[in-house]
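Could you put the whole structure together from the sequences, leaning on the hints where they help?
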Amino acid sequence: MLNLMNNPLKVALMSISPHNRAILEFFFAGAGKKIFTPVEAAQAEALIIDFDHPGGKQEWQAQHADDFKPAIVISVKETMEDKVVWVPKPLTSKALTAAAQTIREMAPVAVVAPVSAAEQAAAPSQLAETQAAPAPMLPDNTPELRPFGLSGQQRFKAAPPVAPQPKCIEALVQASESAPEPEPSELEAPEQHFLRTEDVFIPPPLEAAEELSSADGARFSAAEVVDDPIKQEQRWDSLCGREQPISRTHWHESEALYSPENYLLNSLVDALQLSHQSKQYVQLEINGAQARGHVLLMPDVNLAYSSAALLSDEFAAWCVSPLKTGTVQLHLPSTTELAVLEETVRRDAENTYDMEALIWTTSLLTSRGRLSRNADLTQPLRLRHWPNLPRLEAFPHVMQIAAAWQQRAGTVFDVAEWFDIPQRYVIAFYNAAHTLSLLTVEQAPVSPAAAEPAAPRKNRGLFSRLLKRLLGGGAK
Amino acid sequence: MTTSNKKIIFTGPVGAGKTTAIDAISDIKTIKTDEHASDMTKSRKPQTTVAMDYGLINLGDDERVHLYGTPGQERFDFMWDILTKGGIGLILLLDNTRKDPFRDMKFYTNAFRDFIEQEQMVLGVTRMDLQRRPGLNDYRNWLDELSIQAPIFEVDARSRKDVTALVQALLYSLDPGVTA
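Heads up: the protein sequence lines correspond to chains L and U, in order. Sequential numbering from 1 applies to the first sequence in my numbering. Sequential numbering from 1 applies to the second sequence in my numbering.
Worth double-checking, as some hints may not be accurate.
Said to hold, decoys possible - Straight line, CA to CA, 27 Å or less: simulated DSSO-like cross-link-like pairs of lysine-lysine:
(1) U:99 x L:468
(2) L:468 x L:458
(3) L:94 x L:69
(4) U:7 x L:468
(5) U:85 x L:89
(6) L:33 x U:99
(7) U:32 x U:6
(8) U:99 x L:77
Said to hold, decoys possible - Residues of chain L clear of chain U, computed beta-carbon distances all greater than 10 Å:
(9) 356
(10) 400
(11) 407
Calculated from the structure, these hints are not laboratory results. Note that beta-carbon positions come from the ideal geometry of N, C-alpha and C, so glycine has one too.
Structure, rendered in structure tokens:
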């Protein structure tokens, strides 16, 4: 039996429906990482084509049927063609693994070039590049836009292409890499490895599906929070705090300061950076006396799984309590571990979230309207990009703050004063947007006039009435 | 007494959800000009808008906001200039399952460039639940490449809440001092 584990099959994805493409990407980045390596068509040993997708069969017949490359054809109906291995829908990891094996057996072993470690590491990115040029959420290539970080130590400013990993991470990575590779048969898990469409994108809308626990332990839904003004106020307090306004001149003496290095948030940002750099899934294991659980970051699909629901008291406790050193460990799961995690994520799909939503909420719960001890509030900032607000937890004035900060550079204090917004909401936005690297220091000098409140613009009255009409419901 | 009429324009490629989005927030039953698709469109949906969609938000007896959806096919682009007259902003919907959403973004932002410069645009990316790539960060980078500053959200065109968020972002971008 040929060993696919040390020599993944180089495949190119041709015409494939979006659903099945997503399923394959999910599989290639996870349990199938050591079995398939996605590449461009010219480098591929085999092609993967969806015969049910409009134009798929025609593309195969017109362009590839004669170029001696075997193909894995996915379709509902069986296909009997030369050099073709049929994989029936719905796709399973078992069938895909078997197809790879069959393709290998078709081709002479000598012509199969081994895949280097570098190629393997680059595989997910190659796959991504066939569709778009993805940008990392935090460690992107615009260092000048990142003159401060969570710890205020310019952590991303001079980041090399692959930043040195913290020692604990490095040890775990080495441990993971040095672990004996499982035999292919271990991966050929039977039918329970069904990769269904719903496994690929499963984050439920926060307001519809989440549950959280109230102080007395009763569980209620996020929709109830929105409907119940008291519960909504409580949630906003958890996210934005109830701190008194901080003085513009003496903010560094305020009691409302915290050290982000002591919290889960810091580890989460490290994990995010690691997952983007390594293009691999990263797991955070939380093993504290009180807090226990894990978070899995899936960079290829920009999703995150948390063993505690994002709106639960348990998750809030993870964020709010300072953690002792060593409580949180980062881990690159092996192929075998990924298969288990995949199963966990599938079983507990409700706890899978958009990555940005997880980081946004973690940042808010951690800071609770307080400022990082390392922040520099003297520099005028500007919003580079809006957060994905419909998918994030909202709090008062969040849209107004985003709009104001994208149009004018200013400090936290400026934004609060321009529109008479309670400072804690501006600080909350600052903390979360900063963690997501959406803010940048304004390089151009800010004129004194820019610090003045903005003059009313045309149609303000109409806009206010339209907003009230849309937000208040009405006749629709 | 004069009647105040303002427009919000919804645009984007075929199947991005323009008609559905207008339907989600309109006070009236959306007036549609759908016909059976006879071209490449039919691979994405059986019927498509050939003239425009029209919805309305009533703010009072003498004040209303009209919602116009452009036809998605590029051959109808001669209508777009007419539709934008008197508009307060543009909502561009992009379908994440299409072959090249960046090309779509470039095409529509170029087609409406003058209007965007004079007014404001917001972007909604639909069908991200069906296809996760490209991600929102890709769209943000593409906007940077085109030197456009605009809010961009993942949305479900069927959701009133999501479409409302797009309109909210449009209004706050036009005037951050507006209050609800």
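With the threshold set at 27 Å, check whether the alpha-carbon distance from residue 468 of chain L to residue 458 of chain L stays at or below it.
Status holds; Cα separation ~17 Å.
Beyond 10 Å from every Cβ of chain U: is that where the Cβ of residue 400 of chain L lies?
violated (6 Å)
Run the distance test for residue 85 of chain U versus residue 89 of chain L: straight-line Cα separation, threshold 27 Å.
Violated - the C-alpha atoms of residue 89 of chain L and residue 85 of chain U are around 50 Å apart, more than 27 Å.
Holds or violated: residue 94 of chain L and residue 69 of chain L, Cα atoms, limit 27 Å.
holds (22 Å)
Keeping to a limit of 27 Å between CA atoms, is the pair of residue 7 of chain U and residue 468 of chain L held or broken?
holds (17 Å)
Given hint residue 99 of chain U paired with residue 33 of chain L - CA-CA distance at most 27 Å
holds (25 Å)
Claimed clearance of chain U by residue 407 of chain L, with the beta carbon kept past 10 Å:
Its Cβ does come within 10 Å of chain U, the nearest being 6 Å, so this is violated.
Straight-line alpha-carbon gap residue 99 of chain U to residue 468 of chain L, limit 27 Å:
Status violated; Cα separation ~38 Å.
So if I understand the rule, the pair passes when the alpha-carbon distance is 27 Å or less; does residue 99 of chain U with residue 77 of chain L pass?
Cα-Cα ~25 Å, so holds.
Holds or violated: residue 32 of chain U to residue 6 of chain U, with C-alpha atoms at most 27 Å apart:
Within the cut-off at roughly 19 Å; holds.
Should the label of residue 356 of chain L as a non-interface residue stand, given a Cβ cut-off of 10 Å to chain U?
Nearest chain U Cβ is 7 Å from residue 356 of chain L, so the label is violated.
When each numbered hint is compared with the structure, violations occur for hints 1, 5, 9, 10, 11.
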